[in-house]
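From the two separate chains plus the hints, produce the assembled complex.
The listed protein sequences correspond, in order, to chains A and B.
Start counting the first sequence at 1; every next residue gets the next number (my numbering).
Start counting the second sequence at 228; every next residue gets the next number (my numbering).
Think of the hints as simulated: they come from the structure by calculation, not from any bench.
Given the structure is predicted, the values throughout are model-derived calculations rather than measurements.
Among the clues, some could well be false.
[Unchecked claim] Each computed BS3-like pair below joins lysine-lysine, with the alpha-carbon atoms no more than 25 Å apart:
(1) K76(A) with K108(A)
(2) K203(A) with K283(B)
(3) K279(B) with K203(A)
(4) K203(A) with K76(A)
(5) K244(B) with K283(B)
(6) K181(A) with K203(A)
(7) K108(A) with K181(A)
(8) K279(B) with K244(B)
(9) K279(B) with K181(A)
(10) K244(B) with K181(A)
(11) K181(A) with K283(B)
(12) K203(A) with K244(B)
One letter stands for each residue in the lines below.
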Amino acid sequence: MPFRLWARNVGPGFVVLRSMAAAVSSKGQEVSRAVSVSEDRSFSEVAREQLPWLYSLARRVAGQRAEDVVQSCLLKAHQGFDSLRDQQAAPAWFRQILINCARDLHRKELRRVDETPLDETPDYTLYRRIADEDPLPYSESVHLDFLHSFTEDDVWNVLDRLQPKYRIPLVLVHMEGLAVKEVARMLAVPENTVLSWLHRGRKQFQEEMWDYAEERELLREQEGVRR
Amino acid sequence: MIDCSDAVQRLWDYVEKDLDGQEQASMEEHLELCRRCCGEVEFAEEVRDLMKVASKPHIPDEVSERLSEYLDDLEGSAS
Chain A
1 MPFRLWARNV GPGFVVLRSM AAAVSSKGQE VSRAVSVSED RSFSEVAREQ
51 LPWLYSLARR VAGQRAEDVV QSCLLKAHQG FDSLRDQQAA PAWFRQILIN
101 CARDLHRKEL RRVDETPLDE TPDYTLYRRI ADEDPLPYSE SVHLDFLHSF
151 TEDDVWNVLD RLQPKYRIPL VLVHMEGLAV KEVARMLAVP ENTVLSWLHR
201 GRKQFQEEMW DYAEERELLR EQEGVRR
Chain B
228 MIDCSDAVQR LWDYVEKDLD GQEQASMEEH LELCRRCCGE VEFAEEVRDL
278 MKVASKPHIP DEVSERLSEY LDDLEGSAS
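This is chain B alone, in the form it adopts within the complex (with noise of 0.2 Å):
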């Protein structure tokens, strides 16, 4: 039985699913019993999903301008 210390440590390989079959199993048992992992599963989650929503394409325009007339001058300079 894995007690909260371990359980805390495989906390990111248990939510990204990385756990070998026994480990897998050994963090289940420990969180059918203990209400503070079970919270520390799902905010791991909640804060992973954070890092998704934050890698949408954004651009800002005066950027997006620079770079595209970059863009020009590298084709400028191939022609």
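With the rest of the complex left out, here is chain A (with noise of 0.2 Å):
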């Protein structure tokens, strides 16, 4: 395929990725996926290397769709791998065309305008919720024992529950360490939108860890625990 039309099929961010020198966020945080430093290895090689930390971000963005992402990911990179000139870059490449096929997956939703006012409880903290519902009378540390009755997939849950225009800008900055400026270019959206989407995002999340840790009775495991 030329060059120009497999451009245009990966989608914005691409043609500044395959420039950069190193895979490096623009918090100047290293992104921790390690590349083997030889060079011209197969697209299997890098891709086989990739696939661990790109099901997990895929699992976190898409959900139960992760592996349908990854696929087209994976077919899409694969269609453009001349191209990937320094193989340093490829983490942040993968990134870009994985989230791009989020993207995808997710246009309407992320086209469809707010409907709810954002600050309809402005007030709203889960600390306050917790402090106010007190789940754990016998807690000294009632806050902590209530996050630390989530696991790793209980987090990857809830974040399953969130709508992808949440969903995904709270995964790239706050799990990704990925600043806001980059993630409203990788989205193609303005920065003050990924702000507004960011400012849900936290709020949706934190309700929903309330009412996934009452529906799975993660609570009264932990009191059980201390009895």
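Given below as structure tokens:
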């Protein structure tokens, strides 16, 4: 496939990424995905090395569709692999392609206008809810105990409950360590839009944590351990 | 002087060190006097850390096998 046509399919961000000298996020944090130093490795070798974190990222941004999104990402990456001049940039390159695939998957939802006012419950925080409802009356560190009841899978399940437009920026900023500006570029939306989605996303994430803990009886398990 | 409601609105920007100098100073002034908002800040930091912990690379064996086969197919189709 001609490069120009392929670049259009892969989407915005690719042209920037292919010229990156190193896989470093715009907050200066080094992307923690090791890439073997020897160049000219095959696509399969490079891709296999990226699979664990690529799937982990897909699981967080696309939920149960993670495997489909990784497959789409691998297909597009395979088609354009010759254009990846610096294999050290492979993690950031794969990440952009994967986010483009997730964005395609959720395109309708990302375009939908927010229907609920931003500050419907401006003072709601999970911290206050835990303090007010005191779900672990015998605990002296109820807030920490609440958080410690969540496993990695639980966090992923809570993320699944968020709308994609809130989930994706939350994952990219708070889990991947990217700057808002970088996320805005990756999602092709204004920075203010990312900030608004992040604000709602953090709130929704904490609301869903509470509901999830109640539904899964995580707090009862914690209490059971204490008795 | 900001109140608790303002502090809660700025909570995450404070944790992420995204406030400008004056906002940062007024937030810190409030935190010196408000134990509950100090708790809010510590809790937000813990929530952020929880999210980071849940971002480790991880792939179930069966998914890894399927995706490896998919990679083999891609390589096979290209050769």
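Cross-check of the supplied hints:
1. A threshold of 25 Å between alpha carbons decides the hint, and for K76(A) with K108(A) the separation of about 21 Å falls inside it, so the pair holds.
2. This hinted pair checks out: K203(A) and K283(B) have alpha carbons roughly 23 Å apart, not beyond 25 Å.
3. Restraint check for K279(B) and K203(A): the C-alpha separation of about 17 Å stays at or below 25 Å, so the hint holds.
4. Proximity of K203(A) to K76(A) is assessed by CA-CA distance (about 34 Å); at most 25 Å being required, the pair is judged violated.
5. Pair hint K244(B) plus K283(B) holds up; C-alpha atoms about 24 Å apart against a cutoff of 25 Å.
6. With a C-alpha separation of about 21 Å, the suggested pairing of K181(A) with K203(A) holds against the 25 Å cut-off.
7. Note on K108(A) and K181(A): the hinted pairing holds, with a Cα-Cα distance of about 22 Å set against a maximum of 25 Å.
8. For the proposed pair K279(B) and K244(B), the alpha carbon gap of about 17 Å is at most 25 Å, so the pair holds.
9. For the suggested pair K279(B) and K181(A), the alpha carbons sit about 20 Å apart, so the restraint of at most 25 Å is met.
10. As the CA atoms of K244(B) and K181(A) are separated by approximately 15 Å, the hinted pair is consistent with the 25 Å bound.
11. With a C-alpha separation of about 23 Å, the suggested pairing of K181(A) with K283(B) holds against the 25 Å cut-off.
12. With a C-alpha separation of about 18 Å, the suggested pair K203(A) and K244(B) falls inside the 25 Å cut-off, and the hint holds.
Hint 4 alone, counting from the list given before, is not met by this structure.
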